[in-house]
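Taking the hints into account, I'd like the entire structure generated from these sequences.
Just so you know, the protein sequences line up as chains G and E, in that order. My numbering puts the first residue of the first sequence at 1, with every later residue one more than the last. My numbering puts the first residue of the second sequence at 1001, with every later residue one more than the last.
For the record, the hints were derived by calculation from the structure and aren't laboratory data. These numbers come from a predicted model, not from an experiment. Keep in mind that the hints are not guaranteed to be accurate.
Cβ-Cβ distance ranges computed for the label pairs, FRET-style [as the list claims (entries may be wrong)]: (1) Gln56(G) x Leu1105(E): 24 to 30 Å; (2) Asp59(G) x Ser1097(E): 21 to 27 Å; (3) Ile163(G) x Glu1082(E): 58 to 64 Å.
By construction, the Cβ of each residue, glycine as well, lies at the ideal position given by its N, Cα and C atoms.
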Amino acid sequence: MSDEQALLRYDALQEIVNIGGGHAATSLSKMIGNKVDMDVPFVKLMPYEEVFRTVQAEDDIVKVVLSKLLGNDYGVFLFVIKPEDAEQLAHILIPEGTKTDDELIDSTIKELSNILVQSFLQAVIQLIDRPLIASVPVLTMDMFGSILSSVYMEQEQYNNNIIILKNNFYSLGHVIEGSLYFVPKPNVLEQLLKRLGI
Amino acid sequence: MSEQLKVGISDYKLTEAPNELMTIGLGSCVGIAIYAPKSKVGALSHIMLPDSQSFTDTSHWAKFADLALPKIIEELKCKTGETDLLAKIAGGASMFSFTSDSPSLQIGQRNIHAVKSKLEELNLPILGEHVGGKMGRSMFFNLETFEVRIRMVNREEFIL
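Printed below as a string of structure tokens:
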């Protein structure tokens, strides 16, 4: 592959993540009634050590919501958020005076992640003209490193270099931060680019 | 001076007391502490996959249980001259459980199985284990005592 081709593919991937993420941010913003900002999409092939050094430390404790894409083995979405940010975000959505516990917070975060994923997918469906369906979300709280490596492994991504595709979302200035990752199965990105004629 | 050496994912390190070996964030991966008790030398391996057979590129041999364990054990035997080595293992979780996934397909379970059968084949007794479940683990291996501490989120520390 020439450098020019590689660059074009990189740009295309970044644009897909940008369009999907933009859609997701708009939905989230409507839902919480607050402005939601988004970073430039993050698209990078990097070794685990670099991910843990520059993206998020492996021993950071995070809440992660996972949604599987059903059908042709496409991959999974991960919504990653710090527990304290999850709590703040949930409180924006839960009516005042409601008695909150971890279960209610987690179920709110799951629903919110579901909406992010569904709106991301809607945008991608329009681009590639193919139906895409995501599973019911599941949530866990654990070390970022344990979750990330296990998820890549389960998506048959066995290399030490992994492709990180993600959007960072912010609300209330930079007080609340969350990231949406897409972890593809092998060859899924190639197929996606092919659909777009790249 | 004692040092704490960190073992990355699909890597291993070998050192002696009073140093400590550690690895952070085991999920479906398995950590294997191997110890030569007389010389107090040990190795910590963080394997990612059970089996190298379906891979053409195995240059990163430390990530496969079937390749890493024999090599590391051989290195430890050569270095210490000891033949009776000991092992403790942790990890092999399934971080998200979907009801549709059978245990035989779970990579964590396959990793545990591969590590145990390889250690048995190489005649290394497993003196302690903390495997399976749905939680991530970090391992801290004290080379003075062969104590292995397992740290998890929101749980008490477990000592092997």
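Right, here's what the structure says about each hint:
Restraint check, glutamine 56(G) to leucine 1105(E): a C-beta distance of roughly 28 Å satisfies the suggested window 24 to 30 Å. Look at aspartate 59(G) against serine 1097(E): about 23 Å separates their beta carbons, and that is inside 21 to 27 Å. Between isoleucine 163(G) and glutamate 1082(E) the C-beta distance comes to about 43 Å, which lies outside the given range of 58 to 64 Å.
When the structure is compared with the earlier hints, a violation turns up for hint 3 alone.
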